[in-house]
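Engineer: All chains should be built: construct the whole structure from the sequences, respecting the hints.
Top line first, the protein sequences correspond to chains R and U. Everything in the first sequence is counted per my numbering, starting at 1 for the first residue and increasing by one. Everything in the second sequence is counted per my numbering, starting at 1 for the first residue and increasing by one.
If you are wondering where the hints come from, they were derived from the structure by calculation, not from laboratory data. Each hint should be verified, as a subset may be incorrect.
[As the list claims (entries may be wrong)] Have a look at the derived ranges for each label pair, beta carbon to beta carbon: (1) U/Leu-8 <-> R/Ser-104: 29 to 39 Å; (2) U/Pro-24 <-> R/Ala-254: 26 to 36 Å; (3) R/Thr-224 <-> U/Met-6: 56 to 66 Å.
Note that beta-carbon positions come from the ideal geometry of N, C-alpha and C, so glycine has one too.
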Amino acid sequence: MIAAAGAAGLGGKVALIERHLMGGDCLNVGCVPSKGVISASRAVHHARNSAKFGVVDGSGLRFDFDTAMERMRRLRADISHHDSARRFRDELGIDVFIGQGSFSGADTVEVADKTLRFKKAAVCAGARAAAPPIPGLEEAGYLANETLFSLTELPPRMAVIGAGPIGCEMAQSFARFGSRVSLIELGPHILGREDGDAAEILHRAFIREGIELQLGVKIIGVETSGTDKILHLERDGKRIDVTVDAILVGVGRAPNLDGLGLEKAGIKFDRTGVAVNDNLQTSNPNVYAAGDICFPFKFTHTADALARILIANALFMGRQKASPLTIPWCTYTDPEIAHVGMYEVDAKGKGIEFTTLTVPLSDVDRAVLDGESEGFARVHLRKGNLLLVYGERYYSAVVHVSKKRAGELYTRPAQTTQEDR
Amino acid sequence: MTSPVMILPDAPENRELEENVHPPNWVNPEPAPCYNLVAIGGAQPV
Ligand SMILES: Cc1cc2nc3c(=O)[nH]c(=O)nc-3n(C[C@H](O)[C@H](O)[C@H](O)COP(=O)(O)OP(=O)(O)OC[C@H]3O[C@@H](n4cnc5c(N)ncnc54)[C@H](O)[C@@H]3O)c2cc1C
Numbered sequence: 001m002i003a004a005a006g007a008a009g010l011g012g013k014v015a016l017i018e019r020h021l022m023g024g025d026c027l028n029v030g031c032v033p034s035k036g037v038i039s040a041s042r043a044v045h046h047a048r049n050s051a052k053f054g055v056v057d058g059s060g061l062r063f064d065f066d067t068a069m070e071r072m073r074r075l076r077a078d079i080s081h082h083d084s085a086r087r088f089r090d091e092l093g094i095d096v097f098i099g100q101g102s103f104s105g106a107d108t109v110e111v112a113d114k115t116l117r118f119k120k121a122a123v124c125a126g127a128r129a130a131a132p133p134i135p136g137l138e139e140a141g142y143l144a145n146e147t148l149f150s151l152t153e154l155p156p157r158m159a160v161i162g163a164g165p166i167g168c169e170m171a172q173s174f175a176r177f178g179s180r181v182s183l184i185e186l187g188p189h190i191l192g193r194e195d196g197d198a199a200e201i202l203h204r205a206f207i208r209e210g211i212e213l214q215l216g217v218k219i220i221g222v223e224t225s226g227t228d229k230i231l232h233l234e235r236d237g238k239r240i241d242v243t244v245d246a247i248l249v250g251v252g253r254a255p256n257l258d259g260l261g262l263e264k265a266g267i268k269f270d271r272t273g274v275a276v277n278d279n280l281q282t283s284n285p286n287v288y289a290a291g292d293i294c295f296p297f298k299f300t301h302t303a304d305a306l307a308r309i310l311i312a313n314a315l316f317m318g319r320q321k322a323s324p325l326t327i328p329w330c331t332y333t334d335p336e337i338a339h340v341g342m343y344e345v346d347a348k349g350k351g352i353e354f355t356t357l358t359v360p361l362s363d364v365d366r367a368v369l370d371g372e373s374e375g376f377a378r379v380h381l382r383k384g385n386l387l388l389v390y391g392e393r394y395y396s397a398v399v400h401v402s403k404k405r406a407g408e409l410y411t412r413p414a415q416t417t418q419e420d421r
Numbered sequence: 001m002t003s004p005v006m007i008l009p010d011a012p013e014n015r016e017l018e019e020n021v022h023p024p025n026w027v028n029p030e031p032a033p034c035y036n037l038v039a040i041g042g043a044q045p046v
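Structural biologist: Shown next as structure tokens:
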């Protein structure tokens, strides 16, 4: 969409093909609904935990799942006009085709029985929830991000498979809504890619909030008995059974390669997605790709930045590269964990000598008064560089923040972080 | 005319969303002879 809007804004004749919902995952089944769910879960959590601020809950607090989900759906609908097919057609002059787009040759795409000839094409087909090969899972039925936000009833017991960002965000939200949540993870830690100290703070918060953590377990299979779904787990040879009403799967993303006809256009791909060079060009020199379909960092802001590079290179003979992008991200749990730059382990792997500065939030009066003293801000600084606090550069730095609003706090360091490539 | 989708649950706000992101009565245009750019995938608002 960015690619299409950008190109049309510059006077090109542009076609946009969407097979399902304009706005893609982010608007419909990703960032937007998940943040709507998270904001409801924070509201109920704060309401339940405000007695220490003198807020007395006399009448007994009740949470209404229906109202929270309706609010999320209403807000999603309210902002969807921005991504609407009509806006793209009427305001931006783009030919919008609804249907499955499929390459039929090196310079043609078929959609709904029509053939579109192109000078350049952009594959921005995204990704979807990967389905883990667990015996019995398919038969038992499970939720993924594509179906979770359609729920109208709160599952009393819920298993979340995968303790990555999406799994952690949703496990905490549904636990706060009142589901008995079991978070199941093959690895030994939650958020295995994050700074260990930050993940540990979240681990403790999850335990406090009553989330059952099943870490370092293998899922042997799933069985159904009536409406119960029974997950058979194994840790160190010992069998553990977890019985739930719903299973949410969040074990990573698989590229939407199906039906694209990539072979017919000579576009190389593998199971991780469409292969591109640093200029986002595929093996067909007239076809480029951007976003989750081709890039390991699957975020909306990254897809946006890549689409802008794509336009410059595909339409204006630019030579912009994806590799210099510094990509920040945040996991919107409570506390949030925000990150930009290299992790400690990556810097060590590259043989970079660095100094680590950590400021615990318990040393920050404002955080203490806000009741948010569990967390820290951390900067890894290449040895020999001057750190200008709130100056213009944290050269070769990693900034790692764990706090309720870390996602807001780290934007300034994110703007100024420079990474070694 | 494109085939409709139903975003669940069938609720007024989801029908409004549908109206925007997969309009039920959408008619695809006649293609231009050649496009400067054909983009597959309708995400990423600007
Ligand atoms: C639960 C969840 C929460 C998330 N939260 C965040 C967040 O807080 N912040 C963040 O930055 N990112 C978040 N993300 C990630 C973000 O949603 C994605 O990185 C982003 O949507 C990728 O954009 P994209 O354009 O590459 O692909 P998508 O958004 O997946 O869009 C691709 C589009 O292409 C269409 N398509 C596929 N194949 C074809 C075809 N053959 N013909 C026609 N159309 C086709 C699809 O229907 C889809 O609409 C989240 C993701 C999930 C699942």
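Engineer: Evaluate each hint against the coordinates.
Structural biologist: Hint by hint, here is what the structure shows:
1. In this structure the supplied range 29 to 39 Å holds for U/Leu-8 paired with R/Ser-104, their Cβ-Cβ distance being about 33 Å.
2. The hinted range of 26 to 36 Å is satisfied by U/Pro-24 and R/Ala-254, whose Cβ atoms lie roughly 29 Å apart.
3. For the pair R/Thr-224 and U/Met-6, the supplied restraint of 56 to 66 Å is violated, since their beta-carbon distance comes to about 26 Å.
Against the hints set out earlier in the document, a violation occurs for number 3 only.
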